[in-house]
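Undergrad: Sequence:
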Amino acid sequence: MSGEDLITISALQHYLFCPRQCALIHVDGLWAENRLTAEGSLLHQRVDQFGRRSARPFPDMVRGSPGCESGSVRVVWSLPLLSRRLGLVGKADCVEIPVDPDGHPAGPPKPVEHKRGRPKRINADRVQLCAQALCLEEMFAADLSEGALYYNATRRREIVTFDQSLRSQTMDAIEAVRELIRANSTPPAEYAAKCRNCSLVNLCLPKGTGRSRRPSVYLRRALDAALGESLDQPP
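Residue numbers (the numbering used here): 31 to 265.
Quick caveat, the hints were computed from the structure, so don't treat them as lab data.
By construction, the Cβ of each residue, glycine as well, lies at the ideal position given by its N, Cα and C atoms.
There's no promise every hint is true.
[Said to hold, decoys possible] Beta-carbon label-pair distances, calculated as ranges: (1) R115 with T184: 32 to 38 Å; (2) E168 with S195: 37 to 43 Å; (3) N232 with A136: 46 to 52 Å; (4) A223 with G133: 46 to 52 Å; (5) R151 with D35: 28 to 34 Å.
Sequences are here, hints too, so could you generate the full structure?
TA: Structural data, given as structure tokens:
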């Protein structure tokens, strides 16, 4: 699969949160920060910095490090991910690899994704993690049974089992995102309570665009209306 056909793992989470948000980011190329996204970016920067401070490429697990358990495990931080079969690309915050007393791999890798908030009712975080697991299965030629979501607000892990149901949801999300990008279309805006926490709310304009699929359509109409009114005014 060519690079143009690859979709990012983060797009799956964006789609499950809101298909329109996914299209604005991955079709229209729009992005904006708010407090929540800035805190999330800062958390991922801290994870990356923690990994870079490690002296070895596969450092021993550090007891008490963010989101990691102690034990006979090696950790890889900020690991690039790729599945050519599924056309996925992304990066894992943390991948834990069980090792034997001689330091050789002794089991399948486990992805650990760091999140700024608390566990969510929707499955977006779990689907994102499962997509990471699908990439790791292809990269390591291994079968992964579980991973973990580490939520910074609770300082606790949520163990995620990669059962058939979650795998099916993940595959459905991959296909839905691919079709959305291939169609080069943006779903119409539908205002909901979650819009208040979306960093793109001022670009999406969910209350103003109505059935207009793209913010540019609404803005052009508003500009045309404003110019029309100004032209009608006497000098």
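Undergrad: Find the hints from earlier in the document that the structure breaks and name them by number, from lowest to highest.
TA: Number 2 only.
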